[in-house]
Amino acid sequence: MAYSSSLDGTRYRFDDLRTLLAAASPARSGDSLAGLGARSDAERVAARYALADLPLRHILDTAMVPYESDDVTRLIVDSHDTVAFAPIAHLTVGGFRDWLLSHAADEATLAAIAPGVTPEMAAAASKLMRNQDLIRVASKIRVVTRFRNTIGLRGTLASRLQPNHPTDDMRGIAVSTLDGLLYGTGDAVIGVNPATDSVENGIALLDMLDQVRSQYGIPTQTCVLTHVTNTIEIIARGGAVDLVFQSIAGTEDANRSFGVSLAVLREAQDAALSLRRGTLGDNVMYFETGQGAALSAGAHHGIDQQTVEARAYAVARAFRPLLVNTVVGFIGPEYLYDGKQIIRAGLEDHFCAKLLGVPMGCDVCYTNHAEADQDDMDGLMTLLTVAGVNFLIVVPGADDVMLSYQSLSFHDMLTLRGLFGVGPAPEFADWLDRMDMRDTDGRMRLLDPQHGRLARLASPHG
Amino acid sequence: MVEVAPAADLPGDPWASLRDATRARIGLRRTGDAQVLDDVLAFQHAHARARDAVHAALDGAALARAVAPHPSLQVRSLALDRPTYLRRPDLGRRPDLASLAALSQLAATTSPPDVAFVAGDGLSAVAVQRHAARLFHACLLRLHGWRVAPLVIATQARVALADEVGAALGASLVVVMIGERPGLSVADSLGVYLTWAPRAGRRDAERNCVSNIHEPDGLGIEAAADRIAWLMNAARRLQLTGVGLKDASPPLSGDGQRVRLSP
Numbered sequence: 001m002a003y004s005s006s007l008d009g010t011r012y013r014f015d016d017l018r019t020l021l022a023a024a025s026p027a028r029s030g031d032s033l034a035g036l037g038a039r040s041d042a043e044r045v046a047a048r049y050a051l052a053d054l055p056l057r058h059i060l061d062t063a064m065v066p067y068e069s070d071d072v073t074r075l076i077v078d079s080h081d082t083v084a085f086a087p088i089a090h091l092t093v094g095g096f097r098d099w100l101l102s103h104a105a106d107e108a109t110l111a112a113i114a115p116g117v118t119p120e121m122a123a124a125a126s127k128l129m130r131n132q133d134l135i136r137v138a139s140k141i142r143v144v145t146r147f148r149n150t151i152g153l154r155g156t157l158a159s160r161l162q163p164n165h166p167t168d169d170m171r172g173i174a175v176s177t178l179d180g181l182l183y184g185t186g187d188a189v190i191g192v193n194p195a196t197d198s199v200e201n202g203i204a205l206l207d208m209l210d211q212v213r214s215q216y217g218i219p220t221q222t223c224v225l226t227h228v229t230n231t232i233e234i235i236a237r238g239g240a241v242d243l244v245f246q247s248i249a250g251t252e253d254a255n256r257s258f259g260v261s262l263a264v265l266r267e268a269q270d271a272a273l274s275l276r277r278g279t280l281g282d283n284v285m286y287f288e289t290g291q292g293a294a295l296s297a298g299a300h301h302g303i304d305q306q307t308v309e310a311r312a313y314a315v316a317r318a319f320r321p322l323l324v325n326t327v328v329g330f331i332g333p334e335y336l337y338d339g340k341q342i343i344r345a346g347l348e349d350h351f352c353a354k355l356l357g358v359p360m361g362c363d364v365c366y367t368n369h370a371e372a373d374q375d376d377m378d379g380l381m382t383l384l385t386v387a388g389v390n391f392l393i394v395v396p397g398a399d400d401v402m403l404s405y406q407s408l409s410f411h412d413m414l415t416l417r418g419l420f421g422v423g424p425a426p427e428f429a430d431w432l433d434r435m436d437m438r439d440t441d442g443r444m445r446l447l448d449p450q451h452g453r454l455a456r457l458a459s460p461h462g
Numbered sequence: 001m002v003e004v005a006p007a008a009d010l011p012g013d014p015w016a017s018l019r020d021a022t023r024a025r026i027g028l029r030r031t032g033d034a035q036v037l038d039d040v041l042a043f044q045h046a047h048a049r050a051r052d053a054v055h056a057a058l059d060g061a062a063l064a065r066a067v068a069p070h071p072s073l074q075v076r077s078l079a080l081d082r083p084t085y086l087r088r089p090d091l092g093r094r095p096d097l098a099s100l101a102a103l104s105q106l107a108a109t110t111s112p113p114d115v116a117f118v119a120g121d122g123l124s125a126v127a128v129q130r131h132a133a134r135l136f137h138a139c140l141l142r143l144h145g146w147r148v149a150p151l152v153i154a155t156q157a158r159v160a161l162a163d164e165v166g167a168a169l170g171a172s173l174v175v176v177m178i179g180e181r182p183g184l185s186v187a188d189s190l191g192v193y194l195t196w197a198p199r200a201g202r203r204d205a206e207r208n209c210v211s212n213i214h215e216p217d218g219l220g221i222e223a224a225a226d227r228i229a230w231l232m233n234a235a236r237r238l239q240l241t242g243v244g245l246k247d248a249s250p251p252l253s254g255d256g257q258r259v260r261l262s263p
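Keeping their order, the protein sequence lines are chains Z and H.
1 is the number of the first residue of the first sequence in UniProt numbering; add one for each residue after it.
1 is the number of the first residue of the second sequence in UniProt numbering; add one for each residue after it.
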């Protein structure tokens with residue numbers, strides 16, 4: 001069906017819901033690349049007026065990709081909770097935006113409606129929201145998960161320690177891990193992107209990380225971010241798998257381009273659960289997503305990149321993950337051109353995920369061909385912390401020497417803790433105190449690598 | 001050259017004995033919660049170098065002189081300038097009309113080559129300017145019996161632009177040398193992609209790649225040329241490139257788990 005609205009005597013027509021949602025989106029390079037999005041700023045606002053008047057129920061009833069041909073659509077439709085949806089079923093998209101910002105929509109209320117919210121509803125509402133709205137609503141929501149510690153509690157901000165090395169050198173990874181631990185980071189996960197994506201290499205890396213974790217009794221989890229099929233094989237061969245990692249996207253075709261299906265993800269989740277390695281909980285999945293992933297695979301089905309990204313969170317939600325993060329600035333300037341677009345997308349992704357009940361974190365990052373720099377990252381990390389993001393990724397000196405892009409530094413995590421009074425996961429914070437790594441003000445001591453019992457980590461045979 | 005690890009070699013540096021394990025920026029100093037200014041400026045210097053490499057223009061005439069007496073031909077993509085190139089990878093994959101005409105004219109006057117080499121600026125013209133001519137010569141020395149087309153020098157070019165170049169010249173194989181996305185520690189890394197039976201629409205899975213070519217820390221020119229020549233001979237024997245050559249090609253990069261595109 002077609003939609004229309006008039007502004008200043010000009011009538012704007014939008015052929016279908018995909019077109020309308022794309023036109024209502026804030027401008028970004030990926031939608032232009034796909035031939036989507038508003039052709040003028042006036043058309044963009046006209047699309048927002050038209051979108052604001054649509055009933056949420058109409059969004060629910062309009063499949064973006066046909067039910068018959070896409071398993072993500074089937075997942076969204078089949079898992080929709082009509083009881084949870086009932087309190088908001090009478091609202092338009094515009095009414096939903098206003099209600100989300102109202103004081104009536106408190107933490108408990110938002111948690112109750114989450115199973116009734118579809119990705120397309122969340123995306124539609126986000127297009128009618130300014131950045132402060134995305135921050136304000138997300139900050140009301142908490143999504144708490146557990147494996148060996150508790151992530152997502154109010155007053156906390158966790159971090160993924162990412163000690164990548166260009167050739168997977170064990171000592172190089174251990175040294176970067178030590179550096180991060182001395183800054184009190186790594187409570188979300190100590191997670192390595194392997195340079196060589198093989199089962200043997202994955203087992204060796206996991207073995208090293210697990211030894212470090214168990215030797216020092218660190219209440220956290222480790223992960224090698226290899227393909228899910230490798231992880232299944234690693235589990236079968238007795239590898240020390242805490243979490244199953246996989247990149248996911250918002251359509252069946254895009255997931256196929258990643259070499260995954262819902263069935264494979266389920267198989268991997270079952271395998272990880274069978275190990276019973278979590279001491280506090282059984283959230284065993286870790287997903288990464290990012291705007292532009294579906295388009296880069298030619299599998300976006302004419303959907304704007306922010307809406308199709310939100311559909312990936314429906315996939316994530318079905319597997320009760322411990323961690324999810326958008327790799328927001330990583331995919332490149334053809335999708336998010338500059339700091340402004342990266343910051344907006346980071347806030348959108350976080351808001352949509354949280355509204356759906358997904359434990360969202362973020363890799364606050366950019367590549368060297370994007371119009372962005374560390375000043376933009378300072379902005380996004382601050383805004384996301386205010387918005388209550390579950391965790392952020394940190395690497396030594398913000399410079400990932402394996403993936404060749406810039407993220408946040410260990411120092412940035414200390415800065416956010418100092419600015420906002422947020423701390424690591426409580427179990428991890430207790431460990432830091434047992435190791436005498438924090439002073440009486442709760443600040444990380446300035447420790448050298450020969451500090452106490454951690455020193456063995458840095459020894460050549462450590 | 002600038003130090004990659006900014007705090008290295010300071011007297012009394014407690015991390016001194018660990019810095020040989022990684023070029024990551026480990027053991028940075030702190031003032032309050034922040035990095036000290038020296039480390040901040042070293043990072044900004046590295047970022048500036050990477051950005052300048054992205055935005056540098058390829059000097060095609062200089063590259064042509066460097067490969068002489070082997071003939072060469074200059075082409076350009078449909079992306080008119082760098083901002084367009086960065087936003088529109090689809091335009092960077094297509095030669096413009098004048099370039100296609102020049103390629104057709106060349107093809108009409110010579111017999112089809114076995115291989116066409118393309119030097120494309122990609123995301124680092126610096127890498128191409130610095131390494132492409134030497135790598136091309138090193139490959140030629142290993143390609144006895146191959147009919148090699150004039151070197152095609154391409155600006156605002158993506159990897160797939162070589163598909164149409166190779167098709168226009170009637171080449172059996174196209175080998176594109178292209179600047180990889182600069183990182184903070186390496187801004188001049190060259191990547192090489194081989195595509196059998198090039199034509200528009202070839203997918204990345206139908207290519208083989210030799211990446212991380214730069215000196216002294218990456219894959220050296222001579223080693224890269226060995227690898228490329230080996231792949232070329234294997235491609236000619238099997239009449240294909242891509243996953244069919246997978247077992248013999250270098251290990252796949254593990255960041256396949258993140259969407260990272262070829263230049």
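Please keep in mind that the hints were generated in silico from the structure rather than gathered at the bench.
Fair warning: there could be bad hints in the mix.
[Claimed, not checked] Covered by chain Z, according to a simulated footprint, are these stretches of chain H (three or more residues, beta-carbon under 8 Å):
no.: 1; region: 30-42
no.: 2; region: 57-63
no.: 3; region: 82-88
no.: 4; region: 163-169
We put the CB at the ideal spot given by N, CA and C, even for glycine.
Taking the hints in turn, this is what the structure says about them:
Check result for the region 30-42 of chain H against chain Z: holds, 6 residues qualifying (beta carbon to beta carbon below 8 Å, three or more required). Counting residues of the region 57-63 of chain H whose CB lies closer than 8 Å to any CB of chain Z gives 0, so the stated coverage by that chain is violated, three being the minimum. Residues of the region 82-88 of chain H with a Cβ under 8 Å from some Cβ of chain Z number 3, which satisfies the need for three, so the listed coverage holds. Counting residues of the region 163-169 of chain H whose beta-carbon sits less than 8 Å from any beta-carbon of chain Z gives 0, not enough to reach three: the coverage restraint is violated.
Against the hints set out earlier in the document, violations occur for numbers 2, 4.
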